[in-house]
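**Q** Got chain A; can you put chain B on it based on the hints?
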Amino acid sequence: MEDRSVLELREMAENYKYDFKDPYLYKEVFEKGLDEEKVIKISKIKGEPEWMTEFRVNAYRIFISKPMPTWGNTEILNKINFDDIHYYVRPEEDHKTSWDEVPEYIKKTFDRLGIPEAERKFLAGVTAQYESEVVYHSIREDLAKQGVIFTDMDTGLKEYPEIVRKYFGTVVPPEDNKFAALNSAVWSGGSFVYVPPNVKVSIPLQAYFRINAKNMGQFERTLIIAEEGSEVTYIEGCTAPVYSSHSLHSAVVEIIALPNSKVQYITIQNWSRDVYNLVTKRSVAYENAKVGWIDANIGSLLTMKYPSIYLLGEGARGEIISVAFAKTGQHQDAGSKIVLAAPNTSATVTSKSISVGSGRASYRGLVKVYKEAKNSKVNVQCDALLLDPESRTDTYPVIEVHQPNAAITHEATVSKISEQQLYYLMSRGLSPEEAKTLIIHGFIENFVKELPMEYAVEMNRLIALEMEGSVG
Amino acid sequence: MLKIRDLKAKVKSLDKQILNGVDFEVKKGEIHCIMGKNGSGKSTLGHIIMGNPDYEITDGQIYFENELINDLPTNERATKGIYLAFQNPIEIPGVTLANFFRYTTKKFYSEDIPYPKIRKQIVELLGKFGIPEDTMRRYLNEGFSGGERKRIEAMQVLVYKPKLAILDEIDSGLDIDGLKNVVKYINEYVEQNPDTSIIFITHYSRLLQYLSPNMVHVMINGKIVLSGDMSLAKEIDEKGYSWLEDSIKT
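Protein chains in written order, with the working numbering: chain A, 24 to 495; chain B, 114 to 363.
Next comes chain A alone, as it looks inside the complex (with noise of 0.2 Å):
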């Protein structure tokens, strides 16, 4: 899984019906803003077979035929200017920002949570290789020898272009947003998971261990399969804070799990305060097949992301367990789909979120019964935590059942934290600050529980960190 040299990029711009020996060709081709033509050359570049540069541009056209969403924070969505982005970066021209760059905030965050330096280096985009890599080629080797395949996407798709044709954009077509469009037409990077039937992967695959400089590329594209029965955890992000340079990030997130498989999809955005974080996430779930979201949403300026699970097989289950964390400034947009289609299919949806300062937390759910899902479940719990005068929650829950029978239940939450409760700590020694953690913990509890260890104690820390100094 080496990056390209330069060497073999020359080759294939060679093999491309337009002149692109003229290495100053490059820099013009991959200047800000976006045509067909430079959907066409990303994917000559990567060396892509046909459907793949088609299915691209097929996706840049939708792209550029639908209008902006009219929903959701329009004010600062309208902000994105489209022809201000770079599209694609080589990856060696990639992850040039010096450390000067990084901004203060982060810097210390990386110092509060203890992370190590060639790791901070890494976050903050000033290196591009992470020395874990040597911890995971041996998770991979193991791995290798079970027949999971856990690369890149891009190398996914060179080696496994059957696979990949089969099922890529099959779960998120990019007719479904603009912004999935978008990812379609100029994806680089993200995961490519496939686990073959009965296997069931012991240990979770933290995108971390695979990280390289396509990992943290602006329009990633994910894709898992777990295969009849077979079992796997996925982990993306982190809780150090993340630097990018580059201030939208659209990806796609496409799952499949077949029947009786189980896979749990975990994530921590943390991303700097200055990223558009647009992103769209699907699993779909065949016969008695389990899919959980675990999804925590903290830094980004904006962030729209609904995960979503199709129970499409009978006794196929959900489950989505969120945590927003809103501070001044923020807008999590986050929420939830659930589609049921099948009978005895069932889901909970539990989201919580917490608004500090002028910090705005959205919940946005969808719940759909069709006709065919008898006997079918889903609960829906969402919690609010307004921790400020000036804190903003606002909950917007569509269900729509066509079979009578399914049991549907909604229930929402707003809440402050309350005097006694903080009267009731403080007596016992904490400080405001510290007894506002303390509650905050406990309002996250039923999300931190579902994290591996070392993420459980990391986000606890994060959270008291992001207390500090929000406290009158």
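Simulated from the structure, these hints should not be mistaken for laboratory data. Be aware that one or more of the hints could be misleading.
To be verified - What the simulated footprint calls covered on chain B by chain A, stretch by stretch (three residues with Cβ under 8 Å from a Cβ of chain A suffice, anywhere in the stretch; the number is not a length):
{"#": "1", "stretch": "158-169"}
{"#": "2", "stretch": "177-188"}
{"#": "3", "stretch": "197-203"}
{"#": "4", "stretch": "306-316"}
Beta carbons are placed, not taken as given, at the ideal position from N, Cα and C, and that holds for glycine.
**A** Coordinates of chain B only, in the frame set by chain A:
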């Protein structure tokens, strides 16, 4: 240790006067009992000493170790050595008892003592007070029975080792064996730590038969109307509070 001068206070939300000039002093190592009917202001007095934000002091002074603490934040009162065992401890969802102690003990124990060691002591103490170890994994006060709450509130005296412990209605919600058990360990602790001052707040004299207080006070309508020794408690046991109320009116 604790000196209260002409303390007047009101309930903020109701703008209702609830303490009408309390004078009261507890010296180092003394045990006091404050008795009174419901609504007499005895629990309020405990909360005002602790700094409950529901109440506002309108007049008078509270001194702890000769320092005026009227405006001191609750957590600083706690770390200076005042502890209040709540009559109705507050539920904190999602915070396990273990996690609660992990945070709070940091304020009272030296950093050199590793938490597992403190945890072990806490589990032992819980055991003494009749609380099983797996309670450490339950969420603080959530779904705890009245008895469990009282035992855990009382047991924390032995965890934080305050200079002044105020135990508010520790006897309600506990059966007689439970009460005997709690009082036994509090008494044992006081014997071993004779400088500790304790205020028991109670409605009934039932509790007093297991204690040997230095003084008993009776509160009526937000004032301490009478102070005395154990014989006062016995008198209330026999006659109730009404004779005192009558004597105030005249």
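**Q** Hint by hint, say whether it matches the structure.
**A** These are the hints, each one checked on the structure:
1. A stretch counts as covered by a chain when three or more of its residues have a beta carbon under 8 Å from one of that chain; for the stretch 158-169 of chain B and chain A the count is 5, and the coverage holds.
2. Restraint check on the stretch 177-188 of chain B versus chain A: 3 residues with Cβ-Cβ distances below 8 Å, three needed, restraint holds.
3. Figure legend: the stretch 197-203 of chain B, annotated as covered by chain A; annotation consistent (4 residues with Cβ-Cβ distances under 8 Å, at least 3 required).
4. With 0 residues having a beta carbon nearer than 8 Å to a beta carbon of chain A, the stretch 306-316 of chain B misses the requirement of three or more and the stated coverage is violated.
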